[in-house]
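Using the sequences plus the hints, can you model the full thing?
Chains as they are written, first to last, in the UniProt record's numbering: chain A, 1 to 318; chain B, 1 to 318; chain C, 1 to 318; chain D, 1 to 318.
Since the hints were derived computationally from the structure, they do not count as laboratory data.
Check each hint, because a few of them may be wrong.
[Stated by the list, open to error] Result set (DMTMM-like, lysine to aspartate or glutamate): computed pairs, CA atoms no more than 25 Å apart in a straight line: (1) 136/A to 243/C; (2) 294/B to 41/C; (3) 301/D to 291/D.
There are 4 protein chains.
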Amino acid sequence: MAPLHEIAHLGHVELLTPHPQQSLWFFTHVLGLTENGRDGDSVYLRTWDDYEHHSLKLTAHHTSGIRRTALRACSEEALHRRVAALQQAGRGIGWIDGDPGIGPTYLFTDPDGHEFELYWESQWYQAPDELRPSLKNQPQAYPSTGFSVRRLDHVNFLAQQTLPNGDFLRETLGAEATEQIQLDDGTIAAQWLHFNNKSYDIVYTNDWTGSRGRLHHIAFATDTREDILRAADICLENDVFIETGPHKHAIQQTFFLYVYEPGGNRIELCNPLTRLVLAPDWRTITWTEAERAKGQAWGLKTIESFHTHGTPPVDQPH
Amino acid sequence: MAPLHEIAHLGHVELLTPHPQQSLWFFTHVLGLTENGRDGDSVYLRTWDDYEHHSLKLTAHHTSGIRRTALRACSEEALHRRVAALQQAGRGIGWIDGDPGIGPTYLFTDPDGHEFELYWESQWYQAPDELRPSLKNQPQAYPSTGFSVRRLDHVNFLAQQTLPNGDFLRETLGAEATEQIQLDDGTIAAQWLHFNNKSYDIVYTNDWTGSRGRLHHIAFATDTREDILRAADICLENDVFIETGPHKHAIQQTFFLYVYEPGGNRIELCNPLTRLVLAPDWRTITWTEAERAKGQAWGLKTIESFHTHGTPPVDQPH
Amino acid sequence: MAPLHEIAHLGHVELLTPHPQQSLWFFTHVLGLTENGRDGDSVYLRTWDDYEHHSLKLTAHHTSGIRRTALRACSEEALHRRVAALQQAGRGIGWIDGDPGIGPTYLFTDPDGHEFELYWESQWYQAPDELRPSLKNQPQAYPSTGFSVRRLDHVNFLAQQTLPNGDFLRETLGAEATEQIQLDDGTIAAQWLHFNNKSYDIVYTNDWTGSRGRLHHIAFATDTREDILRAADICLENDVFIETGPHKHAIQQTFFLYVYEPGGNRIELCNPLTRLVLAPDWRTITWTEAERAKGQAWGLKTIESFHTHGTPPVDQPH
Amino acid sequence: MAPLHEIAHLGHVELLTPHPQQSLWFFTHVLGLTENGRDGDSVYLRTWDDYEHHSLKLTAHHTSGIRRTALRACSEEALHRRVAALQQAGRGIGWIDGDPGIGPTYLFTDPDGHEFELYWESQWYQAPDELRPSLKNQPQAYPSTGFSVRRLDHVNFLAQQTLPNGDFLRETLGAEATEQIQLDDGTIAAQWLHFNNKSYDIVYTNDWTGSRGRLHHIAFATDTREDILRAADICLENDVFIETGPHKHAIQQTFFLYVYEPGGNRIELCNPLTRLVLAPDWRTITWTEAERAKGQAWGLKTIESFHTHGTPPVDQPH
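Put into structure tokens, the structure is as follows:
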């Protein structure tokens with residue numbers, strides 16, 4: 001079934017860091033995000049092609065992890081229909097005032113406990129003079145510092161069980177699974193879900209610790225694969241830990257680099273080339289345990305820490 | 001207003017050529033398309049990432065130009081709702097059997113007379129052994145010959161008047177204009193329309209000859225800008241006429257190369273990087289006559305033939 | 001004849017600017033050079049892969065242009081042999097103390113009057129802690145700001161007559177012409193000379209004003225063509241004037257972008273891919289007037305200002 | 001000490017394969033080499049930017065490995081001076097007629113027993129009509145099939161002991177070591193030698209089996225890193241075994257992909273970006289055992305087979 005098209009796209013995420021100064025340095029100096037205001041323990045940061053107020057809310061906290069993931073509805077009506085569905089599913093928390101630039105926001109959790117917010121109203125970003133772009137079809141000047149990521153691309157959640165969460169997003173929000181991993185015992189070990197033409201927006205991966213509510217990684221899209229190779233050199237020079245890559249995922253075929261930001265959260269730099277899922281009747285691609293074991297597209301073995309590092313850290317395994 | 005999301009994507013086009021052998025050589029050897037059957041004067045050709053039967057139907061004809069443009073609906077119901085709207089608009093022609101791999105097809109024309117077809121049923125492509133891809137989330141093996149374009153990306157029509165055609169696609173099919181050019185006298189000289197996250201699928205440009213039903217170009221998307229630079233070298237070595245580029249459009253920011261295939265039709269190789277229009281409330285960007293006169297993004301003047309070459313050729317100007 | 005191999009490479013150049021603050025901003029913020037000391041009206045700047053003290057000496061002056069071009073000899077003995085040849089040619093000026101980091105330096109001029117310096121002793125650059133590279137086979141950390149050019153690549157001089165200058169570098173320093181343009185009347189209109197495997201280090205182009213000692217451009221090499229495309233965007237955002245490009249030269253096949261730095265000097269960003277002249281018996285490639293008229297490799301017409309803009313400006317034409 | 005500059009460059013190599021048909025398919029269809037004649041069990045193959053007759057002589061044999069490595073002298077005189085030095089070193093075999101296109105050739109072996117040939121006369125390649133390039137400064141048309149490697153880049157020999165072989169090339173041919181690995185016990189485990197501005201042409205690596213005369217790999221240079229990413233996809237689709245990569249070597253900073261051709265020989269696709277060793281007083285970079293253990297530049301662990309696979313295969317370890 002085609003996506004319902006009531007969720008427009010991933011909006012922004014709130015990321016927690018126990019090392020706020022260093023994390024901020026990473027996101028601005030290395031990743032190339034632009035600060036757009038502060039509020040208490042949080043700094044609002046934006047990618048240069050984000051038309052909204054912010055792409056990332058970076059919040060000082062006693063530990064790492066993700067606090068909240070925001071989705072934008074396609075319209076006022078779509079928002080209210082989705083809120084009704086969330087309430088019916090019993091996972092709604094309620095309305096709150098939105099972050100700066102964001103209107104009324106409905107809070108809910110997925111079955112695993114990750115907090116989400118859903119909103120429609122969004123004030124388009126107006127760049128100040130020094131960030132005014134040369135081309136009027138772009139919200140902000142292309143930065144000349146760091147990786148210059150174009151957008152927040154997706155969130156990969158760790159969950160006690162993938163399937164109920166994927167089902168929840170399908171049933172309440174109209175997400176569709178484009179790809180998934182199914183173990184030999186039938187377990188869905190991971191699922192890639194999308195709302196529109198991007199081949200994935202939200203991913204669930206089974207948490208080896210059996211914990212709930214944790215984060216595997218958030219990802220930012222670069223314009224080119226060359227940007228990712230350049231990013232690797234910049235990480236190397238700035239003592240940013242590179243976990244694995246650059247390489248090409250077999251699943252979704254994304255070109256990737258995984259690094260840890262100073263707060264401990266895993267950050268993916270991803271480039272999908274021009275791949276889109278355009279077929280309205282896309283059939284979920286299911287990868288077997290054996291296929292997953294073959295590693296990445298060009299033969300790189302999946303690194304061990306990919307199955308042991310999540311945030312916040314927990315005593316493991318359960 | 002957000003797109004209606006009843007049209008999934010551009011399906012395929014039928015291109016006419018007075019030099020079928022040479023055009024076929026161009027599309028297979030130079031562009032890297034794969035033949036997938038023949039029928040009378042037509043050869044069906046596909047890009048490697050097309051999940052459907054064909055991306056291009058190349059038909060021998062006494063002259064050049066585009067015969068038909070196919071759009072796929074998002075569902076059976078969407079198809080019928082759009083057909084009703086087309087009938088109501090008085091532009092429907094009627095149902096025909098579809099091309100190979102395509103189900104019942106509804107024929108209509110835009111106000112300028114370009115033929116379109118709309119369909120829902122589409123048989124997913126099954127690659128024969130020698131074209132079987134290594135990765136199961138891809139319909140066909142990535143070719144090692146020519147430019148290896150990923151998909152048919154968009155069609156740019158010449159029309160006597162842009163605006164009625166853009167309005168027609170908006171009203172009947174739910175297209176939205178993402179960008180446009182408005183002359184000082186108020187005329188909309190060109191309009192870029194999209195159905196989903198791609199920033200454009202169909203473009204109308206005012207025909208300087210006052211003719212109807214002509215083609216400015218069709219475009220194929222490459223994975224990278226490097227692919228386009230490599231394409232330029234391959235064109236150079238194969239005596240394929242390069243009209244202009246590589247460069248970056250200011251409008252839509254697409255990286256481009258324009259060449260003429262041996263039949264005379266202009267072909268664009270385009271790379272949008274990872275740019276998408278995700279905002280459901282995107283506001284049409286309007287470029288003024290003065291802004292258009294500034295040329296391309298990095299200052300290249302728009303080449304004169306861009307305003308004089310269309311297919312089929314006509315006596316000009318009126 | 002193979003190069004004599006007594007000149008190792010282009011060392012650094014001294015560039016003059018009437019707008020020293022803005023030029024410095026361009027070279028550090030946009031181009032990504034690193035400051036390495038100041039002296040009077042001059043700032044020393046380096047590319048990240050330069051093993052010597054500096055690649056560019058930027059000097060405040062009442063006008064623009066190039067003051068001096070430095071070449072490094074292959075050895076102490078080679079230096080003295082070349083100095084003897086220069087003295088014999090009657091073009092020597094004499095020994096001076098070198099710039100910071102550079103030992104005894106012999107000053108001379110080419111027939112057109114451009115000042116050169118030749119030296120052997122060179123103190124290898126030791127990066128301070130904050131610029132220490134992660135890889136020990138690299139002199140300085142790869143910068144995360146601006147274009148991150150790897151090296152000063154070549155100098156293109158304007159000269160009243162190309163040929164005597166090319167001959168002079170051949171006879172005194174062992175340069176060889178890899179390519180040249182010969183007009184229909186037999187005039188050598190431009191000549192590309194090299195000392196080693198790079199396909200050119202010094203270029204002479206006939207000055208349309210009949211002036212002596214002027215500069216067409218200096219060039220910095222980037223690692224990739226993508227770096228040049230990214231550079232174009234950074235120039236666009238920073239109001240740096242892009243004269244022409246990106247495109248590929250037919251002559252030498254270099255991928256290029258020409259911009260003007262704020263002092264008015266033309267700067268080329270160039271990428272030769274992995275092309276080298278390895279043949280010891282390379283035969284000078286001669287391009288005819290008609291071939292030159294065909295423009296760049298992929299058909300871009302050479303921009304008019306390429307034949308009218310040099311530094312310093314002069315009343316023209318003679 | 002600067003290189004002596006009597007060896008111009010690596011000419012060609014003769015590679016042995018027990019599967020000549022499949023190897024030929026690999027080198028022409030996948031790698032994009034062009035056949036230029038046959039002789040007995042050998043096929044001559046060329047990269048598109050080779051000005052000489054051939055870059056690779058592929059010979060059917062009962063096993064894999066490298067038979068001979070050809071170097072071109074800088075001049076007739078340089079050839080004779082180097083032959084005298086080789087004779088004096090007691091490693092000369094004698095003069096033979098050269099391969100097609102190559103003049104009188106002097107045969108010798110390095111201390112480990114690898115056969116080399118040295119020559120001066122070389123007939124410049126004249127492309128037949130169908131391979132005639134569009135740009136006259138290029139020997140052959142750029143191919144539109146396969147990886148389109150520009151040149152044979154280097155040879156990496158396995159040797160019982162690296163050091164005597166490196167010393168031999170230094171003393172007889174004027175090679176210089178740009179980088180090397182030194183184990184904690186003082187052993188030089190590998191050495192990278194160059195003759196000119198390329199940072200390496202010949203590499204020796206200690207053979208873990210204690211054998212003599214074997215091959216670690218030969219390498220072909222691509223124009224871009226993107227070419228290597230594309231090559232990985234083409235290998236994936238053509239069932240060419242990818243051993244490791246793409247990644248960036250810490251040593252020499254080369255971007256690489258290692259594959260096995262069907263005959264079993266390891267082939268590297270390499271891209272050095274625009275890195276050159278220009279310093280005439282370059283100091284050999286020595287990497288310690290600990291530094292080598294850190295793996296590649298961005299953290300990829302060196303794959304085990306890199307230390308166990310050489311050609312021809314031998315019973316191992318000694």
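Hint by hint, here is what the structure shows:
1. At most 25 Å may separate the alpha-carbon atoms for a hinted pair to count; residue 136/A and residue 243/C meet this at roughly 21 Å.
2. Restraint check for residue 294/B and residue 41/C: the C-alpha separation of about 38 Å exceeds 25 Å, so the hint is violated.
3. Proposed proximity of residue 301/D and residue 291/D is supported: the alpha carbons are some 12 Å apart, at most 25 Å.
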